[in-house]
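*Asks:* Going down the list, the protein sequences come from chains H and A.
Following full-length UniProt numbering, the numbering of the first sequence begins with 1 at its first residue and continues without gaps.
Following full-length UniProt numbering, the numbering of the second sequence begins with 1 at its first residue and continues without gaps.
Just so you know, the hints here were simulated from the structure itself, not pulled from any lab data.
Warning: the hint list may mix true and false statements.
[What the hints assert, rightly or not] Some chain A residues judged to face chain H by a derived CB distance under 8 Å, without partners named:
1. Val-266
2. Arg-292
3. Met-295
4. Leu-300
5. Thr-303
6. Ile-323
7. Tyr-326
[Claimed, not checked] Partial pick of chain A residues on the chain H-facing surface, computed with a CB cut under 8 Å:
8. Asn-110
9. Ala-269
10. Asp-288
11. Arg-306
12. Glu-309
13. Ala-315
14. Pro-321
15. Val-327
16. Val-390
17. Leu-393
Yeah, the Cβ is synthetic: ideal placement off N, Cα and C, and Gly gets one too.
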Amino acid sequence: MPLVLNEEQRLLKDTAKEFLGSSAPVEALRKLRDEKNEIGYDKALWQQMAELGWAGIVLPEDYDGLDFGFMGLGAIIEESGRTLTASPLFSTVVLGASAILLGGSDEQKQSLLPSVASGEKTLTLAVDEYAHHNPAAIALSAKAQGENFVLTGKKVCVVDGHTADHIVVAARTSGTTGSTDGISLFIVDGDAEGLTRTRRWMADSRAVAELNFDKVSGQLLGELDKGWDILDPVLDRGRICLAAEMLGGTQEIFKRTVDYLKEREQFGVKIGSFQALKHRAAHMFTEIELAKSVVLDAFTAIDEGRADLGQMASFAKATVNDLYYLVSNEAVQMHGGIGVTDELEIGFFLKRSRMAIQLLGDSGFHRDRYASLSGY
Amino acid sequence: MDALETFRQEVREWLEANCPESQRKPASREEQVWAGRNQTFPSADAKLWFERMRDKGWTVPDWPKEYGGGGLNDAEAKILKDEMKRLGCRTPLLDIGIWMLGPALLEYGNEAQKQEHIPKIARGEIRWCQGYSEPGAGSDLASLQCKAEDKGDHFLVNGTKIWTTNADKSDWIFCLVRTDPNVKKQEGISFLLIDMESEGVSASPIELISGESEFCQTFFDNVKVPKENLVGELNKGWSVAKALLKHERKLMSEQETPAGTQITPVQAALDYVGTDANGKVANAALRDQLVRHEMKYRALGLTHFRSFEEKMSGAGEGNIPMIMKYVGTECTKEREETLIAMLGTQGLGWEGEGFNQDETLATRGWLFSKALSIAGGSSEVQLNIIAKRVLGLPD
Ligand SMILES: Cc1cc2nc3c(=O)[nH]c(=O)nc-3n(C[C@H](O)[C@H](O)[C@H](O)COP(=O)(O)OP(=O)(O)OC[C@H]3O[C@@H](n4cnc5c(N)ncnc54)[C@H](O)[C@@H]3O)c2cc1C
Numbered sequence: 001m002p003l004v005l006n007e008e009q010r011l012l013k014d015t016a017k018e019f020l021g022s023s024a025p026v027e028a029l030r031k032l033r034d035e036k037n038e039i040g041y042d043k044a045l046w047q048q049m050a051e052l053g054w055a056g057i058v059l060p061e062d063y064d065g066l067d068f069g070f071m072g073l074g075a076i077i078e079e080s081g082r083t084l085t086a087s088p089l090f091s092t093v094v095l096g097a098s099a100i101l102l103g104g105s106d107e108q109k110q111s112l113l114p115s116v117a118s119g120e121k122t123l124t125l126a127v128d129e130y131a132h133h134n135p136a137a138i139a140l141s142a143k144a145q146g147e148n149f150v151l152t153g154k155k156v157c158v159v160d161g162h163t164a165d166h167i168v169v170a171a172r173t174s175g176t177t178g179s180t181d182g183i184s185l186f187i188v189d190g191d192a193e194g195l196t197r198t199r200r201w202m203a204d205s206r207a208v209a210e211l212n213f214d215k216v217s218g219q220l221l222g223e224l225d226k227g228w229d230i231l232d233p234v235l236d237r238g239r240i241c242l243a244a245e246m247l248g249g250t251q252e253i254f255k256r257t258v259d260y261l262k263e264r265e266q267f268g269v270k271i272g273s274f275q276a277l278k279h280r281a282a283h284m285f286t287e288i289e290l291a292k293s294v295v296l297d298a299f300t301a302i303d304e305g306r307a308d309l310g311q312m313a314s315f316a317k318a319t320v321n322d323l324y325y326l327v328s329n330e331a332v333q334m335h336g337g338i339g340v341t342d343e344l345e346i347g348f349f350l351k352r353s354r355m356a357i358q359l360l361g362d363s364g365f366h367r368d369r370y371a372s373l374s375g376y
Numbered sequence: 001m002d003a004l005e006t007f008r009q010e011v012r013e014w015l016e017a018n019c020p021e022s023q024r025k026p027a028s029r030e031e032q033v034w035a036g037r038n039q040t041f042p043s044a045d046a047k048l049w050f051e052r053m054r055d056k057g058w059t060v061p062d063w064p065k066e067y068g069g070g071g072l073n074d075a076e077a078k079i080l081k082d083e084m085k086r087l088g089c090r091t092p093l094l095d096i097g098i099w100m101l102g103p104a105l106l107e108y109g110n111e112a113q114k115q116e117h118i119p120k121i122a123r124g125e126i127r128w129c130q131g132y133s134e135p136g137a138g139s140d141l142a143s144l145q146c147k148a149e150d151k152g153d154h155f156l157v158n159g160t161k162i163w164t165t166n167a168d169k170s171d172w173i174f175c176l177v178r179t180d181p182n183v184k185k186q187e188g189i190s191f192l193l194i195d196m197e198s199e200g201v202s203a204s205p206i207e208l209i210s211g212e213s214e215f216c217q218t219f220f221d222n223v224k225v226p227k228e229n230l231v232g233e234l235n236k237g238w239s240v241a242k243a244l245l246k247h248e249r250k251l252m253s254e255q256e257t258p259a260g261t262q263i264t265p266v267q268a269a270l271d272y273v274g275t276d277a278n279g280k281v282a283n284a285a286l287r288d289q290l291v292r293h294e295m296k297y298r299a300l301g302l303t304h305f306r307s308f309e310e311k312m313s314g315a316g317e318g319n320i321p322m323i324m325k326y327v328g329t330e331c332t333k334e335r336e337e338t339l340i341a342m343l344g345t346q347g348l349g350w351e352g353e354g355f356n357q358d359e360t361l362a363t364r365g366w367l368f369s370k371a372l373s374i375a376g377g378s379s380e381v382q383l384n385i386i387a388k389r390v391l392g393l394p395d
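Construct all of the structure, not just a fragment, from the sequences and the given hints.
*Replies:* Here's what the structure looks like:
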């Protein structure tokens, strides 16, 4: 279980840092917000990211991917967390493509994955139906009708849900709400009849949508009633990648805060000389170092196909949720009045942190899951 | 198979063949083997295990062979450690000389001092204790007052040390002494080795909250110390002291449940709190406390491992060792707290009937663990160091 990046992965991380720093800094998110951009990301930027190979980075070579592994993707995502870059990387590559890859037939893979790798098509995954992540509570129904299925119900907080070309939808085909049996996955076209997609404007300025399904036609992905076996590992990949993004954001605001402590003067001295602030900063540093180890090991768990993937995903997400929460609050506080202004970018991170904490499970969800998976 | 894998194989086979069955589970306090002039052994197996390891130099695996060490490089030493852990082998020999003085002497001692002291440490012939702290000099160690005057052919030492762990059981003590009172405090300190049998040395035990009296106040009353026992240059003892503290902190960051209770917090939760129909620990608040701790504990283990990998590959920023004393001791304290919380009132038994050994050891271990974030540079001092050295925050 390597807990350091290899040479290639380090190079990739450096490239990502450079590219995102110059092409998609926090300023770019501010612009999307201020112009009320309906899409929620810059399509030209996504095209450039695809040209760098990022859209196909974890896809097998058979589908025009680079087969570089999640550790490499994680390095890119971590950097995108430092710049708060809005792009369909997470929805399309981490969630949508993983579902197709893990659950799809050869035909489904052939028809979708190469166009993901080229940056032509975007995907997403629709799971949650109310204000808290709870994948077992799926109620949206799918009923067989000829060769296809028709889906009826509602999904909320679907990342890039209003723009994705295809949506992988988790639906209930049997069993009762709360049960992991009887869930099936379907591929639904973004422009399918009966599907209403509404962008929701969230505090973090990133795109999520509410989707209403009224007898929408969907194509089965994987086995009927056994969707959980695909959904669970897909969500785990999502959780781990989200943790990487959050870790990147945390490190960025921590760095900015420490810089500020060295620069701002009060009472005739740098505020960083006050022990009350020093100790909090040093403590945060130690928490960041611990979290880094956890996230790295979680990526190793994906790449090595380890049996404890579920545990590691919950471990990583819970750890980084709490970390980002702590550091974003402290970052605001240690900046004083300027910390609560829109002009300072720290606020963008604060807002993103809370949204990212909610997505794919808050800490309570993941501690409960981790404990259950560990046998207590 | 590469050389390291071959080595692992050999180590594994050797340990299987040479570590007595009884030495393959954690040692209670009474079962530990300490160094000393009048070394005693709790059992014949413990003696055998110690002697076999000593003869291979594996009481100090990564020290040079010429001084009685095992001559292993970092990767090999890690393998030995991992394999011992895998089999549950006890540490064959315990001594502050191994953990702290030896590494510092290897770096700062002259050839004669190394020849004289290091092999004896490796072979467990001398038990060492540490004379740093004084009643008026704790975190602010450099303000120490115990003085050594130059009397031509010897130093004359007068003063007192406190919190000297196991001073009453030790043969020698390494001390920080004031040799120049008229300069900046760090610049008038020297590092001296003193035989506890010298005339004028005495130690009186102090009782701890855990009921043990493992540390002492140590007194020096006109003690004559030969000149050759000065380590490093006169008035340059502070550098030696700091190098040694690095080893002490590393040791403490890796220290586990100190009193050797066998029960884990998870097991305690399952047994003493019980589970609901879904197999979850029946009390949601305790379960959440438990899982928070288990995650922290596992993160710590991963971070130790990452630190090792960074060192071996030359990647990373190398900051991890700076944080581990703080993180490790705080996590151990939390582990003890979690354990007694899961045990409920059975985790607060002191002695006598109604409590099994694991339970009372948990009580004692919890109390002992409080010392970990105080000794060897308190948590607050560690945070000062991280803020300054790693984050570069101003004084
Ligand atoms: C179990 C145990 C074994 C020990 N064994 C030995 C031994 O073998 N040999 C030996 O020499 N010593 C030993 N010590 C002593 C140990 O090194 C000291 O206790 C330690 O350095 C703290 O000093 P102090 O006890 O005087 O506390 P103080 O320094 O008085 O600290 C009191 C409180 O003030 C805080 N504080 C102090 N300075 C600062 C600062 N600058 N900023 C913020 N907070 C601060 C501390 O963190 C602590 O919370 C041992 C201690 C223990 C508990």
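*Asks:* Just pull the numbers of the violated hints for me, sorted ascending.
*Replies:* 8, 14
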